[in-house]
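> Read off the chains here:
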Amino acid sequence: MPAVTRVVLAEDGVLLREGLAGVLQRFDFTVVAAVGDGAALLDAVAAEDPDLVITDIRMPPSFTDEGLRAALALRAAAPDRAVVVLSQYVQAEYAAQLLDSGNGRRIGYLLKDRVVDIAEFVGALRTVVGGGTVIDPDVVRRLLQHRRDPVAELSPREREVLALVAEGHSNAAIARRLTVTEAAVGKHVGNILTKLGLPPTDDTNRRVLAVLAYLRARS
Amino acid sequence: MPAEQPHHLLAALASRRFLVSGWPWRAAAYVLTALPVIGVAALLLSPVTLSWAATFRFAADGRFHLPVLAVTAFLTMALGGVGTVLAAPFAALERRRLRIADPRPVEPGPRPAAGTAWLAARYGEASSWQELLYLVLLGTVAPIAYSLLAFAAFLVAVFIVSPLLVWWDGTDLDGVADTIALGPWQVTTPAQAIPYLVLGLALLPVLAYLTGLLAAGHAATARALLGHGEQAELREVARSRTRLVDAFDAERRRIERDLHDGAQHRLTSLSLQLGVARLDLPDDTPAAQALDRARAEAKDLMVLLRDLVHGISPQTLADLGLPAALRDLADRSPLDVTVAVGPGVADRYPTRVENTAYFAASEALGNVAKHAGAATATVRLAHRHDTLVVEVHDDGRGGADPAGGTGLTGLADRVAAVGGRLLLSSPAGGPTLVRVELPCLP
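Same order as they appear, the protein sequences are chains A and B.
Quick note: the first sequence uses the numbering used here, first residue 1, plus one each step.
Quick note: the second sequence uses the numbering used here, first residue 1001, plus one each step.
In short, the hints are calculated from the structure, not lab data.
What you were told as hints is all true, and nothing was included just to trick you.
Listed next, with one range per pair, are the computed distances between beta-carbon atoms: (1) R1293/B x T194/A: 38 to 44 Å; (2) H1385/B x V32/A: 52 to 58 Å; (3) T1338/B x R69/A: 28 to 34 Å; (4) A47/A x V1276/B: 24 to 30 Å; (5) P60/A x R1293/B: 31 to 37 Å; (6) V32/A x A1277/B: 25 to 31 Å; (7) T1409/B x R69/A: 37 to 43 Å; (8) H1385/B x R69/A: 29 to 35 Å.
Just some of the chain B residues that point at chain A, by a computed CB distance under 7 Å: (9) Q1264; (10) H1265; (11) T1268; (12) S1269; (13) S1271; (14) G1275; (15) R1295; (16) K1299; (17) M1302; (18) R1306; (19) Q1315; (20) D1319; (21) L1320; (22) A1324; (23) D1331.
It should be emphasised that the depicted structure is a prediction, and the values quoted were computed from it without experimental measurement.
The beta-carbon is built from N, C-alpha and C at its ideal position, and this holds for glycine as well.
When you get a sec, could you build the whole thing from the sequences and use the hints?
Structure below.
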């Protein structure tokens, strides 16, 4: 990760846009452009070629999924472009579309609620810039809630671990969160992947993608 | 409270405020614009009407003149042969003109677009023959009725201008006072004509009522023969209900947007500020703890507001369409809900159809969770011909009763308002099937 991350920010609410820009400046991010709609976002990215794009989903003029479409277009043009999409509500479909875009890495889908914990929010941004994938825990929880087969076969602890894996945490981070040893987490992950019929791998990001791809195929 | 405004001429005639309303003028406009139509119709039908008149003349004298009978029969048959085609433009014009006297919608029956199908309809449909009957009335009865009114109007006009006429024409070149005959009376000076002026003015309201009556009679005949009577009004009622549903939907979207652009944005911004404030506080200070509680509350409030906004107008539905919204609905349900989307189901439907279908599925699933005691439910979405079908099936105890206040009546109303219907099968012991059929074009 470069020392200073250059960010293009798209958010139509002026208060929130300025607030976010202020927060980002405090954490070694430089906001090179802050815009209010999808078309301006595309222009700004073309002009600045930033390290990270942060965009709201619902923006003018359509007030539906402007930001998402802009994000998908950016990823189609540059598959490795780091993009974090902020949403006011959970929409698994959007997460799926984002994961399908580009090379499936360096993508983030977060609820706006996450800004209440800035350290975590900034951590998620850094994960994405660093090559990881972050999907909001609420999306993951929603997806896991109704799965009977074969996620239902997972123990509550394994489900907890799976949710954390899906959020993009490493085994060490999960171990810290659950206050267990890293070896125990590794065993859980191995069991999960076995129960879900997925070959074990050390790559965190591929694990996330595999899990979500599996969950996406639900319907 | 002001009395309800009459919506058409016939109702206005019965109102005590008829004379001071705009209706006499509308009646006059209707009657005046009728004159050219009647003139053309009478001219067009004159060969037939004259032959009828001749036949009646002869018949009244007890004579039957064979050539006259033959010509009459031939012309009448010719009218039957081409009359329905002739009547079509008159009917179209008269339907448009009817709005002057009666703005309630009048609808012709469904017509094939053009060509031979149109011709076939001209002869095959009862409404075509009703239009011909209207044309015949326009060429026979209407000239007589309108002439009577014209005579009355002329009489009143002459009464009113009589002083002027006498004054204008009062003296001959030889200086002898001229005499003007008004009916059986003779008038020679303007002063003598004053009573006639008064009478003429007094008769104006009567003339207004006569005009109103004739126009109303004409309009009622046009509505009866050219429109489809009560059906048109029923359609209008159905449409007005649909408009009401649309208005409610639009209002909900507006509220949703206001909440999103206002409250949700501000709350997110507030949460961000709380987050920023927390960054600068060491963990173990009382201020940090208070701030953590504030952050937790802000987070709860965001969830609360999101659920509220979702209940008002589900964003998933507006953004992604019905199949995605139903899957989202299934995800939110405490039950294990399977969503099956049939082949041919599109992603997007008209807003009204989407909203009603979603509302139906949401309400039905809500009922299942609350009353059915079921563990699983299935939502099926299918598109057959021009109908979108939503079925919610559960494995619960059944016995759902629309009279039991389970929201089924409200659901049926909502479905009916967009021209659909709700079917329910719920034997005691289950299972329950709610089926909603909504008309929609593919």
